[in-house]
Amino acid sequence: MYIQRYGKYLLLLPGIIVTGFFLVVPVILIVVVSFMQYFTMKSPTLTLQNYIDFITSPQTPTILANTFGMSIAASLLTLLVGYPAAYFLAFRIESVKTRNYIISLLLVPFLIDWNARTIAWIPILGEYGAVNYILQILNITREPVPLLFSRWTLLIIWLQTNILFMIFPIYLALIRIDPDLINAARVLKAPPSKVFFNIIFKLSLPGVAVGFTFVLVNTLGDYITPALWAGGIQVLGLSIASFAANFVWPYAATLSTVLVLIAMAVLFILFKLVDIKKLVE
Amino acid sequence: MKNKLAKIYIAAIITLIYLPAAFMIVLSFKSGANISFPIERFTLDWYIKPPAGEYAAYLSLFHDRQVFQALQNSIIVSMIVAILSMLLVTTTALALRRRIAGRDLLFYLFLLGFLTPGVAVGLGLNFLFSFLNWEFSVWSAALINVVYAVPFGLILMMARFNPDLVFYEQAASALKASPFRTFRKITLPLIIYEVISAAILGFLLSWGEVIRTQFALKGIGTLSTFINVQLGVNPLTPKWYAAGTVVSIVSFAGLAVFAYLLSKTTR
Amino acid sequence: MDTIVEIRRLVKRYKGNINALKGINLEIGKDEFFVIMGPSGCGKSTLLKIIAGILDYDEGELYIGGKDMKYVPPHKRDVSLMLENYALFPHMNIYDNIAFGLRMLNKDETEIEKEVSEIMKLLEIKGLEKRYPNEISGGQRQRVALARALVIRPSVLLLDEPLSHIDYRLQRKFASLLKDIHRKISGTAFVLTTHDQHHGLSLADNMAIMNSGMIEQVGKPEDIYMRPKTLFAARFVGEINTWSGEVLEISHDSVWVKTSIGVLKASRQNDEEIPNGQRVGYIVRPENIRIAGINEKADNTVEAVFEGMFYFGHYIELVFNAGGNERIKITTPTYNNLDLKINKKYTLGWSSRDAKIVSKPSILEGVDIEDLIYGR
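The listed protein sequences derive, respectively, from chains A, B and C. Counting along the first sequence from 1, when you hit position 67 you're at 67 in this note's numbering, and nothing is skipped either side. Counting along the second sequence from 1, when you hit position 208 you're at 1208 in this note's numbering, and nothing is skipped either side. Counting along the third sequence from 1, when you hit position 6 you're at 2006 in this note's numbering, and nothing is skipped either side.
What the hints contain is simulated information worked out from the structure, not anything from laboratory work. Cβ coordinates follow ideal geometry from the N, Cα and C atoms, glycine included. Warning: the hint list may mix true and false statements.
Said to hold, decoys possible - Have a look at the derived ranges for each label pair, beta carbon to beta carbon:
id: 1; chain 1: C; residue 1: H2165; chain 2: A; residue 2: L181; range: 52 to 60 Å
id: 2; chain 1: A; residue 1: V32; chain 2: B; residue 2: I1075; range: 40 to 48 Å
id: 3; chain 1: C; residue 1: Y2374; chain 2: A; residue 2: K194; range: 46 to 54 Å
id: 4; chain 1: A; residue 1: P192; chain 2: C; residue 2: H2165; range: 37 to 45 Å
id: 5; chain 1: A; residue 1: Y128; chain 2: B; residue 2: H1063; range: 45 to 53 Å
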């Protein structure tokens, strides 16, 4: 009798302990340390100075604009490119086998080493890269064209990495739409555009929200890609990494807290809009 | 006609995302210490050329002792992650089946494992270990990745749970099987593919991970973090594409096994 | 009669204070074929699962074989359970499915082989040993599930709605199989739940009628059929005509009731004192009503218009309208060959000996007679 009742709580224990120790406590700590003047375990002086510095720093607006702006741009771009792909996958590819195959293929970029998938663009778009080489051979240009140093490159790199996480939730939401709903609309003489926008798109919104949020949160925390990419855009993650590397831990903690707050705000909005559990059941 | 457009579009996307992979592989075979086009000769040098007194950064992969150390660390960490995330995903998924107090909240808690930026978690972990005076090791690297991998496996397993599973367990109970024996003879065989998939997911997700591992393992680190550090201090040569290729090959192998397992249903 | 299952004041609550079981008292005898009947949601499955041990209870007592089951988990009870959806283990073949319980009881393989072989022969499923559950027919799966539950020779075999969701012929077959096996195997009480009253009547040694978590009546089928204690029980078992009315007069063996179709006479059941003016339900079974000839005398006569008939093969149900939408049902064997005209008036009659009054609508509080009769 007792195992039935209390067994389930016991089963949860390992997961809770590990998550508590390696996720919850670290996050609590960065919030705590963000209020410290110096990093110390014994009676630290607590102050708001870090936050004041952050708010008043002249670089802050740029950094925040870069970080948030690029992440939103990446999410939008991925949505724009990914939604049609999900739509086609759900409605235009018949065989389920082919669909699974394609989804597996889309998983590929996520498996390519993080470093490689960023620096691999250098031989493509760089001064001495393939594109420039071909352009020069075809005599379209005489000098190497600087293609690498635009923000678009970063967006494309992020697009390539995150596209699956946009396509998959939207695809899942689309295949759950009851075909009878679409048929009913058609029978009632709705034009294809109305059918799409009023029914299909609306019903796929949970998937869109999930995908968008995931790409957003993923890119917010990604400093490796901007670091490796030659353009060198200053994002929040990079600041955190550099302060951390220089052992200016309290300020790094402050920046991290800001980052986490932004991410949590985004997630909070998502969870309010969409019931994630429905996608799982 | 409509289907043609669909196929072309999807093919275009796939091409786009395969581009870097293709270039990475091709460039790993380029001879010469730069990565500019055109490629004159192809060689296996970056992989296996025996050392001939070069600067360490130009050693071929096979002969670079640090690369080997990093590779070893990668394997150890990812194997630990595989086993631990398999265990945690299974126990947690089984526990979250029934209606218990705070079930939804717990689910979201586990989800936060991959939704919280790795920078923050990594930094916080450094604070924690500093407070506790603990050393970083493959275990800390593994566990920070486990927290990241568990939500993926959890969602996968919960989505594929056979709803009849509860009835089978009840029947087994009525047939005099103790809870432990019920798990061993009934539950486990029926979820085994998902369990192993959770392990493989754990392996895959930690294999290429840079940010979290970087904060949780000092020194040479895993192959991916090693490459990341080296890229910051060394000139860009095909060696790093070769290294990237090696990392990616393991991932592909893992994906193949994962896809195979997923195609098998126990329903 | 020796009791094998004893239940006292059993209460089960679900979250939000919904009482699934509101105080059950029940005794099931060794070797009895017991049927628990009731409408969907009355709690019969819950009760069964509590006896099996897969659900816990909040108040009351449960004894099986004289032992208190409060802290005994299902795998330690001398009880077996056959679920509504059979739950045959999909990853094991039929032999392993049936042998499962015996293996859990750590019996040795030679003994297991003998038992499994015997039960498979008894249930006529020999030859299916190597097949898998998804490879056999529905009827075979049913019998495999029964074999699996039975082979461990429990003192009590619980069957949760075994006759639901299958077509009529399979129901009849399986029902007689159950009776047959029960007869052949001694020492096992069968407890079966159903919402179909015909099952209870035809199969039970003893039965209980449940309604919203309480027991309306327990007794032999004939007892409940002939002498229902509540209106609910009367209406649940067998077909019946019911009217609400007020008591006008009582004599030492009869009762006169004023109903919407006139003053009707019923026989008095027992020495129960029923005051004049009390609202009661008046009941008479369809097979006891006849179409009166011109000069026939009967205790009760009612003029009614013939509306139509339902053909059931060996008997016919005739429906009459006695004015103001009060319907009267008569059943009669087909061979009676009545030639009735629709919309024509006939005189229906029955003896007061076949009619009864029931003063209690239901064991539940606050149930109105009119609501019960005219449908809720």
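(message) Quick check on a hinted range of 52 to 60 Å for H2165 (chain C) and L181 (chain A), using CB atoms only.
(response) Distance hint for H2165 (chain C), L181 (chain A) is violated at roughly 29 Å.
(request) For V32 (chain A) and I1075 (chain B), compare the CB-CB distance with the range 40 to 48 Å and indicate the outcome. (result) 36 Å, violated
(message) Taking 46 to 54 Å as the stated bounds, is the beta-carbon spacing between Y2374 (chain C) and K194 (chain A) within them?
(response) About 48 Å separates the Cβ atoms of Y2374 (chain C) and K194 (chain A), which means 46 to 54 Å holds.
(request) Go ahead and decide if the range 45 to 53 Å is satisfied by the Cβ distance of Y128 (chain A) to H1063 (chain B). (result) Cβ of Y128 (chain A) to Cβ of H1063 (chain B): about 28 Å, so the range 45 to 53 Å is violated.
(request) With 37 to 45 Å as the target window, see if P192 (chain A) and H2165 (chain C) comply at their CB atoms. (result) 42 Å, holds
The earlier numbered hints that this structure contradicts are 1, 2, 5.
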